[in-house]
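Residue numbers (full-length UniProt numbering), protein chains in the order written: chain A, 1 to 765; chain B, 1 to 386.
Honestly, I wouldn't trust all of these hints.
Straight line, CA to CA, 25 Å or less: simulated BS3-like cross-link-like pairs of lysine-lysine [unchecked claim]:
| # | chain 1 | residue 1 | chain 2 | residue 2 |
| --- | --- | --- | --- | --- |
| 1 | A | K150 | A | K241 |
| 2 | B | K217 | A | K582 |
| 3 | B | K79 | B | K93 |
| 4 | B | K88 | B | K217 |
| 5 | A | K582 | B | K186 |
| 6 | A | K582 | B | K184 |
| 7 | B | K88 | A | K582 |
| 8 | B | K182 | A | K582 |
| 9 | A | K150 | A | K198 |
| 10 | A | K334 | A | K241 |
To give an idea of the chain A side of the interface with chain B (calculated C-beta under 7 Å), a few residues [said to hold, decoys possible]:
| # | residue |
| --- | --- |
| 11 | L590 |
| 12 | T592 |
| 13 | I593 |
| 14 | E696 |
| 15 | T752 |
Derived DEER-like restraints, expressed as beta-carbon distance ranges [claimed, not checked]:
| # | chain 1 | residue 1 | chain 2 | residue 2 | range |
| --- | --- | --- | --- | --- | --- |
| 16 | A | Q578 | B | K335 | 55 to 61 Å |
| 17 | B | K335 | A | Q477 | 53 to 59 Å |
| 18 | B | T261 | A | A433 | 26 to 32 Å |
| 19 | A | A433 | B | D206 | 36 to 42 Å |
| 20 | A | S406 | B | L173 | 34 to 40 Å |
| 21 | A | E500 | B | V220 | 26 to 32 Å |
| 22 | B | T261 | A | T353 | 38 to 44 Å |
| 23 | B | D206 | A | Q341 | 21 to 27 Å |
Since the hints were made in silico from the structure, they are not lab data. A virtual CB, placed ideally from N, CA and C, is assigned to each residue, including glycine.
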Amino acid sequence: MLKMYYGISQDAADVAELTSTPCDLNGVNFEPDTYLGKLLKERSLTELMDKESEMVRDIKALDSDMQTLVYENYNKFISATDTIRKMKNDFKKMEDEMDHLSTNMAAITEFSGRISTTLQDRRQQITKLSGVHTLLKKLQFLFELPTRLKKCIDMEAYSQAVRYYTKARKVLLQYEHIASFQRIQYDCNVIVQQLRGKLREQFHDKESGTKQLAECVDLLLQLDEPAEDLCEEFLSHARQKLDIDLAELEKQVRLQSGEQVLPSGDAQSATDAYLQTPMDVLEFVDCGCNNFLSNMCLVIASYNDMFLNRLQQEDLDVIAMSKLVQFVNALTEKYFHFVQQRIQQETETGDNTILVRALDRFHRRLQAMNKLLPGTDFSSAGTDIVSKAARDRVNHYLQTLKQHFSDCLTDIRQHLAAPRLLGKDGNSSCNLAELLHTFSSSLLDQVKSVLANLQAFIASDITFAMKPYFRGQFCSQDVREGLVVAFIRHIAVVADEFCETAREKGIAAPALLLIMSRLCVNLEESTISYVLTLVDEQFMIDDTTRGTMSSQLCGELKDAAQKLLNCYVRVQGLMISQMLRKSVETRDWLNTIEPRNVRAVMKRVVEDVTCIDGEVGRLYEEGVRRDRSSDSTKRSTSRPATRSNWSFTPSTIDNSLMSNIQKLFSERIEIFSTVEFSKVSVLTGIIKISLKTFLECVRLRTFGRYGLQQIQVDAHYLQLYLWRFVSDENLVHFLLDEIVGSALHRCLDPVTMENSVIDLICERG
Amino acid sequence: MEDDAPVIYGLEFQARALTAQVAESDAIHFLVGTQSLSLKCENQVHQIDFDDENNIINKNVFLHREGEIWSISASPCDKQILATVYNKTSQSKAEMQAAVWKMPTNFDSTISDDNAANAPTLELLTKLESEEDNSDVKCVLWHPSGENTDIISLTDNHIMQWDLEASGGTAKLSSSIVFEAKGKPKFTCAQWNPHHNCTQVVTANDTSIRGWDLRTKQQVYIIENAHGQLVRDLDFNPNKQYYLASCGDDCKTRFWDIRHTDKPLVVLSDHSHWVWNVRYNHFHDQLVLTSSSDSRVILNNAMSISSEPFGHQMDDDDEEDAENEEDVKERSTMKDGVISVYEEHEDSVYAVAWSTVDPWLFASLSYDGRLVINRVPRATKYQILL
Numbered sequence: 001m002l003k004m005y006y007g008i009s010q011d012a013a014d015v016a017e018l019t020s021t022p023c024d025l026n027g028v029n030f031e032p033d034t035y036l037g038k039l040l041k042e043r044s045l046t047e048l049m050d051k052e053s054e055m056v057r058d059i060k061a062l063d064s065d066m067q068t069l070v071y072e073n074y075n076k077f078i079s080a081t082d083t084i085r086k087m088k089n090d091f092k093k094m095e096d097e098m099d100h101l102s103t104n105m106a107a108i109t110e111f112s113g114r115i116s117t118t119l120q121d122r123r124q125q126i127t128k129l130s131g132v133h134t135l136l137k138k139l140q141f142l143f144e145l146p147t148r149l150k151k152c153i154d155m156e157a158y159s160q161a162v163r164y165y166t167k168a169r170k171v172l173l174q175y176e177h178i179a180s181f182q183r184i185q186y187d188c189n190v191i192v193q194q195l196r197g198k199l200r201e202q203f204h205d206k207e208s209g210t211k212q213l214a215e216c217v218d219l220l221l222q223l224d225e226p227a228e229d230l231c232e233e234f235l236s237h238a239r240q241k242l243d244i245d246l247a248e249l250e251k252q253v254r255l256q257s258g259e260q261v262l263p264s265g266d267a268q269s270a271t272d273a274y275l276q277t278p279m280d281v282l283e284f285v286d287c288g289c290n291n292f293l294s295n296m297c298l299v300i301a302s303y304n305d306m307f308l309n310r311l312q313q314e315d316l317d318v319i320a321m322s323k324l325v326q327f328v329n330a331l332t333e334k335y336f337h338f339v340q341q342r343i344q345q346e347t348e349t350g351d352n353t354i355l356v357r358a359l360d361r362f363h364r365r366l367q368a369m370n371k372l373l374p375g376t377d378f379s380s381a382g383t384d385i386v387s388k389a390a391r392d393r394v395n396h397y398l399q400t401l402k403q404h405f406s407d408c409l410t411d412i413r414q415h416l417a418a419p420r421l422l423g424k425d426g427n428s429s430c431n432l433a434e435l436l437h438t439f440s441s442s443l444l445d446q447v448k449s450v451l452a453n454l455q456a457f458i459a460s461d462i463t464f465a466m467k468p469y470f471r472g473q474f475c476s477q478d479v480r481e482g483l484v485v486a487f488i489r490h491i492a493v494v495a496d497e498f499c500e501t502a503r504e505k506g507i508a509a510p511a512l513l514l515i516m517s518r519l520c521v522n523l524e525e526s527t528i529s530y531v532l533t534l535v536d537e538q539f540m541i542d543d544t545t546r547g548t549m550s551s552q553l554c555g556e557l558k559d560a561a562q563k564l565l566n567c568y569v570r571v572q573g574l575m576i577s578q579m580l581r582k583s584v585e586t587r588d589w590l591n592t593i594e595p596r597n598v599r600a601v602m603k604r605v606v607e608d609v610t611c612i613d614g615e616v617g618r619l620y621e622e623g624v625r626r627d628r629s630s631d632s633t634k635r636s637t638s639r640p641a642t643r644s645n646w647s648f649t650p651s652t653i654d655n656s657l658m659s660n661i662q663k664l665f666s667e668r669i670e671i672f673s674t675v676e677f678s679k680v681s682v683l684t685g686i687i688k689i690s691l692k693t694f695l696e697c698v699r700l701r702t703f704g705r706y707g708l709q710q711i712q713v714d715a716h717y718l719q720l721y722l723w724r725f726v727s728d729e730n731l732v733h734f735l736l737d738e739i740v741g742s743a744l745h746r747c748l749d750p751v752t753m754e755n756s757v758i759d760l761i762c763e764r765g
Numbered sequence: 001m002e003d004d005a006p007v008i009y010g011l012e013f014q015a016r017a018l019t020a021q022v023a024e025s026d027a028i029h030f031l032v033g034t035q036s037l038s039l040k041c042e043n044q045v046h047q048i049d050f051d052d053e054n055n056i057i058n059k060n061v062f063l064h065r066e067g068e069i070w071s072i073s074a075s076p077c078d079k080q081i082l083a084t085v086y087n088k089t090s091q092s093k094a095e096m097q098a099a100v101w102k103m104p105t106n107f108d109s110t111i112s113d114d115n116a117a118n119a120p121t122l123e124l125l126t127k128l129e130s131e132e133d134n135s136d137v138k139c140v141l142w143h144p145s146g147e148n149t150d151i152i153s154l155t156d157n158h159i160m161q162w163d164l165e166a167s168g169g170t171a172k173l174s175s176s177i178v179f180e181a182k183g184k185p186k187f188t189c190a191q192w193n194p195h196h197n198c199t200q201v202v203t204a205n206d207t208s209i210r211g212w213d214l215r216t217k218q219q220v221y222i223i224e225n226a227h228g229q230l231v232r233d234l235d236f237n238p239n240k241q242y243y244l245a246s247c248g249d250d251c252k253t254r255f256w257d258i259r260h261t262d263k264p265l266v267v268l269s270d271h272s273h274w275v276w277n278v279r280y281n282h283f284h285d286q287l288v289l290t291s292s293s294d295s296r297v298i299l300n301n302a303m304s305i306s307s308e309p310f311g312h313q314m315d316d317d318d319e320e321d322a323e324n325e326e327d328v329k330e331r332s333t334m335k336d337g338v339i340s341v342y343e344e345h346e347d348s349v350y351a352v353a354w355s356t357v358d359p360w361l362f363a364s365l366s367y368d369g370r371l372v373i374n375r376v377p378r379a380t381k382y383q384i385l386l
């Protein structure tokens with residue numbers, strides 16, 4: 001119960017203080033009177049009785065607990081007092097023993113001092129004797145040294161000889177003044193000189209391997225040979241070997257380039273003849289790596305071991321290092337030169353993988369070498385070579401593409417020429433679409449295959465492909481700009497040239513112009529963006545904003561297409577107008593007979609236009625016509641109103657007035673204007689050119705009555721057939737009206753023909 | 001009226017012959033010949049007098065009774081004398097002939113306004129007829145120096161030089177050059193070279209341009225395929241020898257150095273149809289006019305091949321300081337190309353002519369008889385002058 005009490009008061013004293021009420025029996029704020037009052041008030045009698053007996057029981061239990069506790073504590077206190085007393089006694093005993101120990105120690109010290117003084121003299125003597133012994137031994141070694149050295153040299157145990165000599169050298173130097181020692185030194189020196197000679201001989205020996213060399217150098221260095229000379233000698237020796245490798249490489253390069261390597265002697269065997277066949281590039285690079293580069297690495301490594309890591313003097317270290325770097329640079333430069341030459345020779349279109357693998361191997365080896373020799377930067381030079389090779393490759397592919405393009409053009413030319421020879425029955429036009437299709441698809445295929453080939457350069461297992469400085473340059477600059485964009489530009493340029501030559505001399509077949517123009521339109525509409533996306537995806541070019549935008553290329557090609565089409569219109573228009581011009585100029589219009597027929601030229605014109613229509617129709621869409629009148633099929637009977645203009649009015653004033661008024665209402669006609677990419681627009685252009693020529697020619701002639709009538713008939717015939725080709729038939733009407741009007745002006749005896757007769761003649765024709 | 005606005009004058013007939021009255025040095029005069037086949041209407045030569053200050057056109061009409069006029073050229077010595085090439089037609093044939101005419105001096109100018117039929121008639125001085133060759137005459141050229149009275153007439157395949165008497169009464173054939181080649185090509189036009197003592201004539205036939213020496217009567221140079229198609233007109237740079245302009249049916253105007261005939265110096269292709277006429281300005285030869293059957297007249301700047309390639313002042317102001325020279329450079333950035341396009345015509349413009357009096361004025365004539373007098377834009381004028 002007490003525990004209970006304590007527990008509460010300790011654990012939750014604060015809480016109890018706050019929460020305990022005056023009625024809580026165990027609380028701090030317990031007020032007996034209030035509690036009693038409360039009990040009396042609230043409990044029944046029996047409950048009060050129970051409570052009382054319970055309280056009495058509690059009080060008794062508390063009393064007994066308290067007594068037990070007091071008793072226990074008392075017992076413990078008594079036992080503690082006993083223990084302390086016992087400890088006091090023990091300490092006293094220990095003090096006595098310690099005193100005794102200290103006296104004993106003092107006695108021992110005294111004794112040991114006495115012993116050491118007695119032994120002092122003996123020890124000094126022994127030391128002296130042992131010193132004499134070692135000296136004697138050394139002297140013996142010195143006296144024996146020349147013979148030993150000789151023996152070592154005979155046994156070719158050079159390293160041991162050097163070790164002996166270096167040991168003795170200091171002593172000999174020190175006791176130079178003593179005659180006997182001098183003698184020994186002299187002998188030694190002679191032998192060592194001999195040794196040196198031998199070592200050098202070995203050093204210069206071509207057959208000795210690098211390890212042997214290293215040993216020699218090591219020994220020579222120990223013999224105090226000047227390090228600089230040794231460096232140089234070492235390097236020049238190494239150079240000889242490397243030069244052989246390089247010579248081999250050079251020979252390969254020459255072989256590849258087709259130069260005849262001069263046979264160095266008649267004794268060359270079959271194996272040499274086999275060697276005369278050039279290796280492929282992978283073999284070449286392998287050979288270069290295995291021979292040249294590995295030798296080079298060995299040289300560098302041994303050089304490092306020999307000269308760099310041991311020389312104490314800093315300045316010598318620096319000199320040695322610079323010598324090495326100079327040496328390595330000179331040789332690698334040569335090597336790079338050969339490699340570059342060799343790679344440049346690699347121009348066949350074949351598979352890229354071998355080249356790429358060769359380049360990769362080359363690159364890796366260079367990197368390894370770079371680690372070996374920190375002061376130099378081969379990998380950048382190597383990467384230059386690699387990226388140059390890649391660029392060469394790209395350029396080569398560009399050339400191939402261009403070649404392919406021009407081959408395609410020649411093909412088409414031949415295709416176009418062939419049926420033309422057979423006859424102009426329209427066969428030539430039917431395969432235009434086919435030609436175009438094969439043309440464009442073969443171009444696209446070619447571009448795709450080239451791209452696929454070039455992808456070998458950025459395959460994931462190629463180390464240099466992962467380098468950002470190669471990759472970025474190669475993908476965006478070389479492939480995208482240098483190849484694809486350049487090729488597309490090339491097409492545009494060729495197209496331009498076509499226009500120029502066609503305009504100057506009319507060489508290009510018109511159908512070819514048409515095909516080219518359609519090709520450009522196709523490229524502009526779909527192919528460019530497709531190819532560019534393809535490139536961007538395949539070569540993972542993220543930053544396309546720096547490169548040429550596809551819209552820009554599209555614009556260029558669209559211009560080219562427009563030029564080509566304009567050119568086509570001009571060429572065709574000129575062909576027809578030439579025909580018309582000749583026909584008007586060569587005829588005597590004053591003395592011609594009454595027209596019975598449409599002139600053959602007009603039929604020919606209509607035929608040609610129909611033919612062109614077919615040609616263009618295969619490649620270009622129909623296009624939009626302006627307000628085609630519904631009655632246009634019955635053309636022959638319509639349009640009496642305009643026809644009435646032709647009837648001659650005696651007053652020229654009236655006549656010119658009429659035509660002026662007419663002109664007021666019609667728009668100005670651009671003759672050689674640009675056309676749209678549609679069949680109708682192209683045909684309109686051609687017909688405009690032809691009719692304008694007709695008009696100008698008519699104005700230069702003087703007509704008789706029947707001449708005028710012939711023109712009337714011809715114009716009507718053209719009207720009957722040409723309207724269907726053009727976007728705005730009023731244009732044809734207007735130009736034909738002008739022609740007839742002009743003929744009327746230029747007529748001496750202007751009597752027009754009856755419309756019905758004209759109709760009749762035209763229908764018959 | 002705004003100063004730069006064009007002045008338009010309408011003839012009643014169709015016309016394609018226009019020239020400046022070369023010998024006139026005070027007033028701006030142009031001569032226009034009409035083309036009318038109608039028997040009822042006489043062809044006329046209109047003498048157009050342009051009043052520069054008031055922008056008014058006065059005209060004198062003279063009857064030309066022989067036939068429709070295809071080409072007209074004014075004598076550089078006597079302003080009353082002119083030559084025409086006309087079409088003499090009968091029912092069955094039409095011949096091109098040439099004649100020298102004198103304009104009557106005393107006439108009542110008021111009549112011509114009301115009644116064209118009563119207009120004074122041109123006095124025929126002489127016809128240029130020769131037994132040697134009576135084929136169609138193409139054009140008549142006056143000796144460009146203005147001191148000599150020689151005349152050249154060009155027929156299908158002859159260049160005939162005539163010695164005209166001072167009074168113009170008779171013309172004597174002094175020499176002729178025959179042009180013979182395969183396929184019987186015909187001359188289309190010619191121009192008398194004003195340089196080298198006027199001893200050279202240049203002609204065009206089909207697509208070629210040929211130069212002839214009048215003394216040796218030999219062809220001295222040829223530009224084959226000068227144009228893609230027919231060559232329509234030629235003109236010499238009046239201030240810079242060896243420089244020749246040509247135009248043709250391929251819509252182009254080309255400038256040649258006749259010492260290097262393999263390729264043109266400059267090619268202009270601004271017209272959209274045949275170019276019929278090309279004319280150098282006689283005062284500022286960087287200004288070149290071309291007229292075309294696309295009914296446009298284009299004023300071109302050929303600064304780079306003109307006699308003043310670096311602006312007008314280069315020679316005068318050599319000593320002036322560098323600052324000024326830079327000024328000159330700045331001005332000479334005036335580029336070759338089109339200065340302006342005149343679109344007042346509605347039909348093909350077959351002829352254009354600079355005024356011989358006002359260097360900034362020119363006339364152009366379209367087939368429908370519309371004569372337009374235009375000026376060089378002020379900006380260009382100041383650029384050239386200052």
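Pair hint outcome, K582 (chain A) versus K184 (chain B) [Cα-Cα no greater than 25 Å]: Holds. K582 (chain A) to K184 (chain B) sits at ~15 Å (cutoff 25 Å).
Given pair status - K582 (chain A), K217 (chain B), alpha carbons within 25 Å: Given pair K217 (chain B), K582 (chain A) is violated - Cα atoms ~31 Å apart, limit 25 Å.
Interface restraint verdict for L590 (chain A) against chain B (beta-carbon cut-off 7 Å): 6 Å, holds
K150 (chain A) paired with K241 (chain A) [C-alpha distance capped at 25 Å]: The given pair, whose Cα atoms are some 33 Å apart, is violated under the 25 Å limit.
Minimum beta-carbon distance criterion (7 Å), E696 (chain A) to chain B: 6 Å, holds
K79 (chain B) paired with K93 (chain B) [C-alpha distance capped at 25 Å]: Violated. K79 (chain B) to K93 (chain B) sits at ~33 Å, over the 25 Å cutoff.
Agreement of hint T752 (chain A) with chain B interface, Cβ distance less than 7 Å: At about 15 Å, which exceeds the 7 Å cut-off, the nearest Cβ of chain B leaves the hint on T752 (chain A) violated.
Hinted pair K582 (chain A) and K186 (chain B), Cα distance within 25 Å: 14 Å, holds
Assessment of proposed distance window 53 to 59 Å (beta carbons of K335 (chain B), Q477 (chain A)): Hint violated: Cβ distance 35 Å, outside 53 to 59 Å.
CB-CB spacing for D206 (chain B) and A433 (chain A) relative to the 36 to 42 Å hint: About 38 Å separates the Cβ atoms of A433 (chain A) and D206 (chain B), which means 36 to 42 Å holds.
Holds or violated: K88 (chain B) to K217 (chain B), with C-alpha atoms at most 25 Å apart: 30 Å, violated
Hinted contact T592 (chain A) with chain B - closest CB pair below 7 Å: At 11 Å from the nearest chain B Cβ, T592 (chain A) fails the 7 Å test, so the hint is violated.
In the structure shown, a violation is registered for the earlier hints numbered 1, 2, 3, 4, 12, 13, 15, 16, 17, 18, 20, 22, 23, in ascending order.
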